[in-house]
Amino acid sequence: MSDIYKGAIDCDLHPRVPTPRAISQYMDDHWRDTVDLRGIETWDSISYPPNAPLTLRPDWRKLGADTEPGKAAKETLDRFGFAHAICNSLFAVQAFRDENLAAAFASALNDWLAAEWLAKDPRLKGSAVLPIQSPERAAEEIERLSSDKRFVQVLMLAMGEHPLGKSMYWPIYAAAERHGFTVGIHAGSSYHHALTGSGWPTYYAEDYASQSLGFHTQLGSFICEGVFVKYPRLKVVLIESGVTWLPSYLWRLSKFWRGVRNEVPWLDRSPEEFVRDHIRLTIQPFDAPPSAAHIGRIMDQLQSDEMLLFSTDFPHWQFDGEEMLPAGLSPELVRKILIDNPLATYPRLGRQT
Amino acid sequence: MMLDAPLTPTLDADADRDTGAPAQARLKIIDGDVHPAARSMADVTQFLAPRWREHLEVYGSRRKLGMGYEPYPKSAPRACRRDAWPEGGGNPGSDLDLIRKQYLDAYGIEYGILGPLGVSGQSELNQEFSAALASATNDWQREYFTKPEPRLRSGIVVPSEHAEASVAEIERCADDPAFAQVFMLTRTSEPLGNRRYWPIYAAAERHGLPVGMHVFGSGGHPYTGTGWPSYYVEEGTGHSTSCQAAVSSLVMEGVFERFPRLKVVMIEGGFGWLPALTWRLDKVFERMRDEVPHLKKRPSEYIRQHIWVTTQPMEEPDDRRHLIDTMEWIGWDRLLFASDYPHWDFDDPFRAFPAGVPAEGKRQILAGNGRAVYRLG
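The listed protein sequences correspond, in order, to chains Z and A. All letters in the first sequence, in the order written, are residues 7 to 359 by our numbering. All letters in the second sequence, in the order written, are residues 9 to 385 by our numbering.
FYI, nobody ran anything at the bench for these hints, they're computed from the structure. Any given hint might turn out to be false.
[Unchecked claim] Cβ-Cβ distance ranges computed for the label pairs, FRET-style:
(1) G302(Z) x K155(A): 47 to 55 Å
(2) R359(A) x H185(Z): 45 to 53 Å
(3) A298(Z) x Q313(A): 47 to 55 Å
(4) A50(A) x D283(Z): 49 to 57 Å
(5) D72(Z) x H302(A): 28 to 36 Å
We put the CB at the ideal spot given by N, CA and C, even for glycine.
Kindly produce the complete structure, drawing on both the sequences and the hints.
The following block contains the structure:
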């Protein structure tokens, strides 16, 4: 095994999230009783079916990723020498219709993460799940966690009620910017709408493929609504988006913007410039053929060596063996992806290292 | 072309510079997306039965938009080029003489494939009315455009959400060689690979008609999986996502296993999105092929065999080699030129391509591929 990953920062690791009852141990009496009395035994999204091949890589399952997830994650970090891993909790908080319930679960989930994962291994850092149903309460959750330096990011899903650039969500970005949190958007949906503008796809394989379309929409929304004009220090990370969809979407967005820019006169730069300055993408999955020649051309289309962040997506099955990076990248670029770019993207991470 | 460039055509000067030959002697062009318009609805409604004419007068068109017009105001009146308004009145795309002068003759168009939009029978809430209006739209296309002008060919507009009526409409129109394809919109009530649409594909395949899927329409959902964007610039950019949802669904549902001779043309969503989508679908398929055992091939193989994409609005990366790479990944034989005349984001066949596109590839895109795809007999 090579040691190229030594010191790397894994920007997408998934802790195995327990049952609502276990999370409720981090709630106050009222909400713990609510979980009990109302029988909230399971609250599973249809994203990442637990036994689907994508959800759990077979050799990581053998490592105990489903039974002793903390140990399996630790062994993975040890084995490759990662400096940090950012934990993204996937639990369907976003799917609740009741914002009170969502806020209670989001806070409890974040406290559970802090106690069960972050406290046990200083290499692990956290993303704070937000009750997106209420942007005000989401901002309150950011304030609540702002003094806990282990939390470096706030987390939302690629698909929810509305595109995330809309001004109703700006309290979240104001709070995130104020406290140096990076904004992470992870694949997934609240499923409050059909997954596509043309309805519900039949298969999970399509559902997963369609996640990239949510990222298209969010990118367009963040740029066109002027979020980065209003919050110039904000960084947004698109987590598990597939990456290679980005260049052609940007060509298209920029062309339309040139044609109808009078509709969004607050944009003082081209969409490409906003993206280079504010948008980052985790590298798994990287939707491309395996050939280094293809990948070289795709990297050239991205026109930046600062946008990609290393990720394993542990324990999801995105790659086999140790091929955590696309083929044919230069050693300089690899170093940036593994270490420099994540440090530049997560100011709260940098403060501690 | 740049979208913010002046929209006044400088037709012959540019064209001649390109080839040194007058329009008539130049390479013929097949255009996969030309939009006809009615001077007024009466042009279309004369083909409706009195019962439905009265219905339209009393209740209006009630589409799954909840509005009589589009939810995003366009960039220009009717989203049209300002020079495309006929001097004698009427809407852009309604005056055959102007279409000939400004477009067909000026550019040496061999065939222009019509795609009627707006109140044309798609996305209507009342399915019987939807079927009646689609039929009227098809009759109107024939009488006003394809009969008097053989360079124009049309698409059979179908009331997509009503498969039985769609099949009946295809059967009614298919013998007329002026119809070069079946015409659907990408924003449907279910993803386009869903079984409810299969009778339409069966009928299209039976008659050797490709199915054109043009962006727009409204199936009763927000235009994205995460709700409604605010701006026209977002909607316009997002059309490529509705194309991706359609292609994913057609492939993963096994439509091309079931209909091995079916050809599908994606219209007005650009084309840059197709390679990344194909790679993504291949990867997902590789991981979860046990969920879709009806697929005998990889998604990329179905796409390569069954999907064509029109070029407009052509993406414009800073580095033109990026676009040429993209065209190469898709396949020179899978791209079809489209102008979108008379809309504001019109692509000029002589100016839209970046320098460096191989001459043979360009010839294929401008005409050769269209000849292979459309039913032009």
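Status of the hints after comparison with the structure:
Take G302(Z) and K155(A): their Cβ atoms lie about 53 Å apart, and the range 47 to 55 Å holds. Take R359(A) and H185(Z): their Cβ atoms lie about 50 Å apart, and the range 45 to 53 Å holds. Evaluation of the 47 to 55 Å hint for A298(Z) and Q313(A) yields a failure: the beta carbon distance comes to about 27 Å. Take A50(A) and D283(Z): their Cβ atoms lie about 53 Å apart, and the range 49 to 57 Å holds.
Look at D72(Z) against H302(A): about 30 Å separates their beta carbons, and that is inside 28 to 36 Å.
In summary, the one numbered hint that this structure violates is 3.
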